[in-house]
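Enquirer: We have chain V already, so just place chain X on it with the hints.
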Amino acid sequence: MRNFPLSRRSMLGATAGLSALTLGACGTAGPGSSGGGDGGSASYWALSGEPNETIYGDAVEVFNEGDQGQIDLTFFQNDAYKQKIRTAIGAGEAPTIVYGWGGGGLRTYAEESQVDDVTDWLDEEADYKNRFVESVWPAATVDDRIYALPQGATQPIILFHNTTVLGDIGAEAPETWDQLLDVVEKANSAGIAPISLAGQSRWTSMMWLEYLLDRVGGPEVFARIAAGDSEAWLDDSVIAMGEKVKELLEASAFADGFESMAADSNTDQALLWTDQAALMLHGGWTFGSMKASGGDFVQSGGLGFGPFPTIDGGKGELTNLVGNPCNYLSLSTSASDEEKEVAKAFLKDGAMSDQVAADLIASGSVPVIVGQDDALAASEDAEYLQWVYSSIQEAPAFTQSWDQALQPTQAETLLVNIEQLFLGQITPEQFAENMSAGEGA
Amino acid sequence: MTALSPSSSPLAATGDDPDAPSARRASSATGSRRPGRDRLQTSHLLFALPALLFFAVFALLPLVGVVGLSFTSWNGIGAIQFTGLTSWAEALSRPTTWQGLGLVLMMIVATWLLQTPMSILLGTFLAGQQRYRNLLAVLYFLPLLLSSAAIAITFKSLLDPNFGLANGLDLPLLRQNWLGDPVLVWGVLLFIIAWQFIPFHTLIYQGAVRQIPQTMYEAAQIDGAGRMRQFFSITLPQLKFTLITSSTLMVVGALTYFDIIFVLTQGGPGVATRILPLDMYLTGFRGNEMGVASALAVMLVVIGLGLALGVQRLGGRDASASQMEGA
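Residue numbers (numbering that gives the first Met the number 0), protein chains in the order written: chain V, 0 to 440; chain X, 0 to 326.
Rather than coming from a laboratory, the hints here were simulated on the basis of the structure. Ideal Cβ placement from N, Cα and C applies to all residues, glycine included. Fair warning: there could be bad hints in the mix.
Stated by the list, open to error - Some residues of chain V that are not near chain X, with every Cβ distance over 10 angstroms (derived): (1) D66; (2) N129; (3) S229; (4) A376.
As the list claims (entries may be wrong) - Part of the chain X face toward chain V, derived, beta carbon under 10 angstroms: (5) G77; (6) Q80; (7) P94; (8) P160; (9) Q175; (10) L178; (11) P181; (12) V184; (13) G186; (14) R228; (15) G266; (16) V270.
With the rest of the complex left out, here is chain X:
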């Protein structure tokens, strides 16, 4: 009987068993796949080769270069001088580094808290097959099609205190010091980033919700579960791995976030929005301190890897286990 279970090893089936014929059929079915699987693995490697090569040349090699540069002092032109840990000491002793790190961590938490619930709700809503929902989906995805620079420049014009939206719509309430107030500016940034990226995460959740078997909801309905109950007991648990994927993207994305802040505030007012990735860029390419900037870059890589692995861990050890049992 055990041989019939799909997970049993083909070796077990070779033993004397009253159900031998059926067991042999099962074993021959699984056994014949083995050599093919080896071939598949080699060709998988072959398929991955171009991407791996690209990754090595354009990601690993520069990374090694940056690690090397972090132990030097270089102004971008002229000779690169090996200075040991001097750049690291400066990177770690500057107040802007720690402030930038604090800001970026705050930003990670805030963007996650803001974007995840919205994306799940929108994704679940858009997973329905009704036509008006498809129309709404198209509208929601529009921000995703715009470049960050275009978004930032547009919002900068809209938020202008004298000639922006406040003036155009004649709404004095909108006439705020949007980009010049150290607190208000964060509200603006978080809103724009959410506006830009919620569509992307909504898309992921929409796909995931559509994967949930309808039978689960039917069974729940028979058991008398209402919409809310279905959402919390079926939809949300089924989205666990999607949540992890989306959260990883959000966390790592926020950690390296740069473009909109660069165009919109340049880290200002003062240093209120000078998050670590921006600090790294400005230190390297405006201040021309490549050594210190490289040290900051290495810090970002390490923190990013750590956070990504941490989020993956949240999914539990056996992240590949099926969530479809009973479906």
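Chain V with its partners taken away, still in its complex shape:
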């Protein structure tokens, strides 16, 4: 009995401590307006992980040393950020600068007036606007108004190949569908996985669909879908795309057990750089990680790259791209005018400064800024970077990744249906019908 008052006291103490903690947590979750500084401050949430963390961290540091105000930068892990930012925006606690991916997510924010329309500001700052390559703007535009500013590197989806493996099996990087099937057959008979695919992650399989639909039906089909026309899912080319997937599955084109492979551990890349697979369709960002983890695979010329093959009778051109044009920064509507001034100054002078562009090139990626030819040519990955840079500038169409172009609800339905299509659980027709009706998850 004697220890009861004690435990009550400690309980009360714990209660007080906990409430203090929770209150404290609430306080830091809001826009950081405590910075003071010379010209006020603005908050900025960005994604953690190298090399970006260093590059953007340095950019903020340089800006803060100037006299245009202070940026409070906080890094979040990718998945955690995606959920936190929505909650924060919904609760009116968004940071001044909202990091995002454009497309459907941006449309939701714009329609709910959570991010500022920057079209007029960009017209005033034409010099700033013209620094960026053309292909970045569609994903930042909602109903002809621009709501986000481009940032970072361009990330088209690229068909990578292992030059050693292709040489051993006597094949070449495919540029047509038949050549692709030829690689699959030769690799299979040599006992090597034709295509490395981390099917468990679902968006990885989605990259195949993105290119297949483009090559079969041209970029217009998905453009209609992204614009909200759910009937467009029933287009013949969507079914033809599903049939191509079936064809690949029947030819055992994907590595054994691909449904168990996840992209977050990069085992799909490892399969390629350990000479266990011939091809891999993946985002341009994997170049950097294969260079970092793959020993001298990239340096010794083991990694090849090229466009996705064309399909006979299809409408899509070899030079059409899909992927992520870049990342985007928006201004939160709920920020004060003072905060927005600081944020705009940072966007203009800090976020994509020449130094940031140089750092991005050094890390093996292509900044979305014009006039980088010389810098790219001088880098150690010149061949790859120049190819990507010219690809994005010459591409007749750059279709944004489906899961980012669509509204989040649709994107979730899409991913579930994609996985079932690749598992052979649903037919191409069912896939089209499910997507058109918004069913499946």
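Expert: Just chain X, lined up with the frame of chain V:
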């Protein structure tokens, strides 16, 4: 004579009785406790107050909010629109809801069948005082110290078809489509969940077995009962209430199970492991349909409460009766 029995009321002792002195002694002993007990009850309430407050603010209030949200349509940002029963209608008409419910019920049964016998046996074994058993106990409890996310990520790497355990140990038998096969994936999940939680339930049973008076076993031994007979006639019946506690935790735990499946499969392959709690999360925070997700959450709360009460009922009406008679 009746006054001597501890259960008799103190009032009975005030009557004329030949054994009055001893009865009065007994009555004064019990009677003097009464005012103290009242004071105790008030202070009990006081002690409970912080916890109750916490419960009200962090459990009841959000619950009310979720019930409210289930009658609205909300995408997480923007305005919350009251839409009556629309969200409920959608939640109840989606095939994934019913599939998720079926999966979670299957999971409850399977985890219980898998974990309970193992935990009882391990708990009984570890209740012995020998030193090697203590050492084993420490080893068994290790999984309990790891976070679910860490466990899931570790197993995901171990089960990788190309670079996992199969490759490391060069055992082709282990090279299976562990997470990509809709049936096999359940075997994997049930195994990992059991691996994680059996230590916890073992701990409960170990404590309970140690509470069983040694005298019972001694009496049984004199009567000629063997080890098996002792286990089934003494240990198991004595563990009845522990079984109910452990089962309640298992059932409710399985009903709200989320983390390992989220990290390991995200509900895949397809929707093979999209159990209802995961479906609720993905609907709410990936699909941004907060109204429908709230309706699913309310369903889970109701089912969980019902199951918990049902399991408690299995213990019989008089669950507080002593099991120690004759000890």
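Enquirer: Each hint: holds or not?
Expert: Hint check results:
{"no.": "1", "hint": "D66", "verdict": "holds (35 angstroms)"}
{"no.": "2", "hint": "N129", "verdict": "holds (32 angstroms)"}
{"no.": "3", "hint": "S229", "verdict": "holds (16 angstroms)"}
{"no.": "4", "hint": "A376", "verdict": "holds (36 angstroms)"}
{"no.": "5", "hint": "G77", "verdict": "holds (4 angstroms)"}
{"no.": "6", "hint": "Q80", "verdict": "violated (12 angstroms)"}
{"no.": "7", "hint": "P94", "verdict": "holds (8 angstroms)"}
{"no.": "8", "hint": "P160", "verdict": "holds (3 angstroms)"}
{"no.": "9", "hint": "Q175", "verdict": "holds (7 angstroms)"}
{"no.": "10", "hint": "L178", "verdict": "holds (4 angstroms)"}
{"no.": "11", "hint": "P181", "verdict": "holds (8 angstroms)"}
{"no.": "12", "hint": "V184", "verdict": "holds (9 angstroms)"}
{"no.": "13", "hint": "G186", "verdict": "violated (13 angstroms)"}
{"no.": "14", "hint": "R228", "verdict": "violated (41 angstroms)"}
{"no.": "15", "hint": "G266", "verdict": "holds (8 angstroms)"}
{"no.": "16", "hint": "V270", "verdict": "holds (6 angstroms)"}
The structure does not agree with the numbered hints 6, 13, 14 stated previously, though it agrees with the rest.
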